[in-house]
Amino acid sequence: MKVLKIIIKDMVRTFNSMFVLAFMLVLPLLQAGIPYLAFGGLSTGLDIQKTRVQVVNLDQPVAQYGDFTTGQLLVEFLQDERLANLLDVTDAPDEASARAAVEARTAGVAVIVPAELTASVFDPEKTAALVLFKDPALTLGPAVVEGIIIGFTDGLAGSLTAADIVSAQLTEQGMTLDETARQDIMRRYGEWANTVGESLSSGKHPAIEYLPPADETEANPGLALIGPLMLGMMVFFTFFIGAIQALTILHEYEQGTLMRLFSTPTRPMTILAGKYLGVVIALEIQVIVLIVVGALVFGIYWGSLAQIILASIALIVIASGFGILVIAFLKSTRQAFLVIGGIVILTSTAGGTMTTTFSNLPPIFTTINLLTPQGWALRTWEVAMRGGSLGELIIPFLVTLAIAQILYLIGGIQMRRRFEQ
Amino acid sequence: MNNHIAIQVQDLRKSYGEVQAVQGMSFDVPKGEIFGLLGPNGAGKSTTISMLSGLVKPTTGDVLVMGHSILREPLQAKSALGIVPQDIALYEDLSARENLMFWGTMYNLFGKALSKRVDEVLQIIGLTERQKHKVGTFSGGMKRRVNIGVALLHKPDILIMDEPTVGIDPQSRRHILDSVKELNHAGMTVLYTTHYMEEVEEIAHHIVIVDQGKMVASGTRAELVKLVGGQDRVDLRVVGDAERLAQSYKALGGVATVQVKDDLLSLMVEDSNAVLPHMFEMAGRTSTRITSVEIQEPNLEAVFLHLTGRTLRE
Amino acid sequence: MRILSLAIKDLLQIGRDKKSALFLLLMPILFTWIFGLVFSTDAKRDPRLPVGLLNLDVQGVLSVSFTSLLEQSATVRPVILQENQLGDTLVIELQKRVRTEALAAAVIIPAGFSEQTMRGEQPLLTVIVDKNLPVGQAADQSVQWATTRLLGAVEIAQLSVVSREKNRSFTDEAERQAYIISAMERTIAAWDNPRLTVVLEAAGDASAAATPGLPGGYAQSSAGMLVLFAIFGLVLSGYVLLAERRAGVLQRMLTTTMTRVEIIAGHTLAMFVVAWTQILLLMASGQVFFGVNYWRDPVAVLMMSAALALWIASLGLFISAISRQENHVVLYALGSMLVLGLMGGAIFPLDITGKTFAAIGHLLPSAWAIDGFQSIILRGAGIESTLLPAGILIFYAIAFFGLAVWRFRFE
Chain U
0 MKVLKIIIKD MVRTFNSMFV LAFMLVLPLL QAGIPYLAFG GLSTGLDIQK TRVQVVNLDQ
60 PVAQYGDFTT GQLLVEFLQD ERLANLLDVT DAPDEASARA AVEARTAGVA VIVPAELTAS
120 VFDPEKTAAL VLFKDPALTL GPAVVEGIII GFTDGLAGSL TAADIVSAQL TEQGMTLDET
180 ARQDIMRRYG EWANTVGESL SSGKHPAIEY LPPADETEAN PGLALIGPLM LGMMVFFTFF
240 IGAIQALTIL HEYEQGTLMR LFSTPTRPMT ILAGKYLGVV IALEIQVIVL IVVGALVFGI
300 YWGSLAQIIL ASIALIVIAS GFGILVIAFL KSTRQAFLVI GGIVILTSTA GGTMTTTFSN
360 LPPIFTTINL LTPQGWALRT WEVAMRGGSL GELIIPFLVT LAIAQILYLI GGIQMRRRFE
420 Q
Chain S
0 MNNHIAIQVQ DLRKSYGEVQ AVQGMSFDVP KGEIFGLLGP NGAGKSTTIS MLSGLVKPTT
60 GDVLVMGHSI LREPLQAKSA LGIVPQDIAL YEDLSARENL MFWGTMYNLF GKALSKRVDE
120 VLQIIGLTER QKHKVGTFSG GMKRRVNIGV ALLHKPDILI MDEPTVGIDP QSRRHILDSV
180 KELNHAGMTV LYTTHYMEEV EEIAHHIVIV DQGKMVASGT RAELVKLVGG QDRVDLRVVG
240 DAERLAQSYK ALGGVATVQV KDDLLSLMVE DSNAVLPHMF EMAGRTSTRI TSVEIQEPNL
300 EAVFLHLTGR TLRE
Chain F
0 MRILSLAIKD LLQIGRDKKS ALFLLLMPIL FTWIFGLVFS TDAKRDPRLP VGLLNLDVQG
60 VLSVSFTSLL EQSATVRPVI LQENQLGDTL VIELQKRVRT EALAAAVIIP AGFSEQTMRG
120 EQPLLTVIVD KNLPVGQAAD QSVQWATTRL LGAVEIAQLS VVSREKNRSF TDEAERQAYI
180 ISAMERTIAA WDNPRLTVVL EAAGDASAAA TPGLPGGYAQ SSAGMLVLFA IFGLVLSGYV
240 LLAERRAGVL QRMLTTTMTR VEIIAGHTLA MFVVAWTQIL LLMASGQVFF GVNYWRDPVA
300 VLMMSAALAL WIASLGLFIS AISRQENHVV LYALGSMLVL GLMGGAIFPL DITGKTFAAI
360 GHLLPSAWAI DGFQSIILRG AGIESTLLPA GILIFYAIAF FGLAVWRFRF E
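Chains as they are written, first to last, in numbering that gives the first Met the number 0: chain U, 0 to 420; chain S, 0 to 313; chain F, 0 to 410.
Keep in mind that the hints were calculated from the coordinates and are not lab data.
Watch out, some of these pointers could steer you wrong.
[Stated by the list, open to error] Okay, derived cross-link-like pairs now, DMTMM-like style, lysine to aspartate or glutamate, Cα gap no bigger than 20 Å in a straight line:
hint	chain 1	residue 1	chain 2	residue 2
1	S	131	S	156
2	S	225	S	300
3	S	249	S	269
4	U	4	S	92
5	S	180	S	156
6	F	165	U	90
7	S	133	S	200
8	S	260	S	293
9	U	203	F	154
10	U	203	F	120
11	U	125	F	191
12	F	165	U	75
13	S	30	S	61
14	U	49	F	350
15	F	165	U	115
16	U	4	S	91
17	U	330	F	16
Please build the complete structure, drawing on both the sequences and the hints.
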């Protein structure tokens, strides 16, 4: 009963504190909400930014083929209205001005069509290189342009390659490929490439059947970053709040109310249990709110119910243990926030909470993750969010609990030493 | 243990490394009395109180509270105690009522009984009108009243008050002293620590004087004052050679002790009326001018000065 | 002179406090180092994404070609798997490996794939991948690319066979097969050396090469980290001011001949020095540990860092003005760091976000700060490119300073 009273008293004080509420709920939700808005939440339709492209066509026609240039074909392809949502294409008078536009950041990419493009189409001995001159600070735009250009060149190169190889093989056999036949081969290959291209643009590959890695709720690929981002922030802020909540123990000690509690006919263990459980319950509330909002508002898949429960328990227990350990060694509440902030930021960063959206991380970094309590909490959740089995989850879960036990033990011993004079 | 004794302090000692904060304190607090613990800052009063309350483990010694050892039966001992700490120990972001309700549960009061008792205590401390206001918004005096109220919730047999009037206004101080007397009249034993001599002189039935962790004297006010032999204290402010004058006073009959500090001479004399004229005469002879004379009848300040050579407020 | 004295006093207080000094000096370095580990490259390690390849079409000519195409990829590398390694539930095992990111994707080439494809049928490769993750998307693109090229090679081989048969029939099936294989091999070799290539050139310094799966490498994100951390660092100066207010010292200063403006200016100057020190330290760490070339144009980088420090100081002053307790300073500082950082492009670049969001983000001073630094370190631009971002930061500094003065309380 007394434990409950201590918990209730602490909860009332917690929820009266704008600071704690902001850290528990507002900031983590902002951390997920802002990327949600960034990647689609602010509009109902396609809202991607157009890439400004300067194209300069230096391609020269080949005498026997009239005024036709492949370069013009490419320019028309880029200016096709089907690409109007992605590209804003302007003709540049010359290469220097196209490059200057990128340097001046009035364009994201300059496409420089070489003079020998058409010649390379008709003469197997000739090669040509299309130059994409990009703003290095941009990521998606240049990649989109590159993808489009490569699609075009692959199609063209494929046709050329088809004709070259057929011709070469026939020649070896003492036969020849006349121009009509050559053009026919290029046309047929081009038609085939178009068919494949159309299939790809409708989201299917004609030769691939996809299987997801787990039987899970389909997320919106456009918002794929939100889940890992919110996970990282949830873990970060849970550890932060764990320490802030544990700080109330030290605060009460300085205020005199903790010693006053010890002077009442209440067992010290009851008092400390009440304080520790208060930390746990505050974290529970935080995690539940974040999970529910994440699922309902951002569509995040956290895992099956059993996995969510286990992963939550692991996170809450280890974060509270960490908080108690940190506070046990803090001399006073003066500048506590600075120290807590520093320790939590560093261990959380080392634990991987800031890099949950990154992939193919170096092994040394993933090793360092596992030297922090945050790393193990994250690992438990990642198994759940990827639809792993309960069997896969159990090991990180148990390791997390074991580490939490150690943290509680050390923190508890140190706390006791301080309060027993 | 004697049934008439509320607290029995048995050779209490506390050391912090080389520092001996309390050295062999032993006294009995009779039931129904106001027991004063008087000493200057750093005398060891608060450390003694902390050991009595079970907050600090004694290096050696024990305390029996209503027959229960604070070391071996802490819960039973603490149930009999109501502690009013020197510093305000309340939750400033909770209201007065919320504070009392919470602390009441820590003293094993629950439900309607707790609510009723909280109403009573609010009445006693005069804060019924402000019960729903946060303690953080209270004045210092009001906070002290809530601080005392918490200790009264469970109707303890013994109330321990550790310097309850430090830093508060005279009106609030008056209120506290009157409350202590009222509580005592109602049967409560009070252990009251302070460095204000006039407070224990007013309220305490029995006084222990402590200095540098040791008991230097114990008894009623009358008994303690007799230690200085009923001597008067005479304070003279002089202009001139105070040291020379002090030397000459030492040879004067009826003068027990002379202390010099800058331009102030403090003397303990048998009869101030008889000695004073001679003092003036001697001053004249040494070309020293006396600018003010203050005569105090024997009090605890004098006792402390006599026993330790220092004043309570040094 | 008195403004300077006040600023020096603040700096002394911060410097003498061990915790503050550690926070000021050590944390940026540690943070940079940890984050740098994320971007570290190991010469012995192939940085390409691992794609598991289970070939059940053991004798198939296309399987060999497909493997070869994957090996040509700049993004993925094939990890050859054997059926007996995976057990009976091989799909489940592969799904698990993809789920746990042991593999970025897994490809199963079914038995008879080559034969069926050559016959003109359309057998399907099974690809296990999480398209919701960036790594899955990257792996999927590479597998699609390799598959398309494989099918392209098949198409070319079939075209060649048809052309050959128009002129002269094959003597037997073996000759036909050999012709097809030769055509395919030549095609795949030709993909390696196409006549038509695309060359990428980046404006400015090309040393900040992108790392697969990451938005640009450390040079890309270092400017963002710089801004984030510099904002949080203003907690230190905020504490000092708050402590002064609570101790009544600020009010006492008003009883001297110092004016309000002088008092505020003195504290702002201290905040500026603290912020600038942290920024310079972060830049030095980035330069020393990770080769981010901040100092290619010292004048430009000093101007940008000073403008950033000025804005941060004004933000710190504003936070101190509205905070009543220490924890408020931390809350507002961390909140500013997260909101301004997220919306300004510190965590993910604004060019990958939606139009509306990017437009809003570009209104923020953090976005301009990141822009200014990236002009120097990525675009190799000089001082002229930093004039606008620095000017905007100074504008925001003046605005925040005005707000702070308006809200400032001395008691």
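**Study point:** Unmet hints by their number, sorted upward, for this structure
**Key:** As far as the earlier hints go, 1, 6, 7, 12, 15 are violated by this structure, in ascending order.
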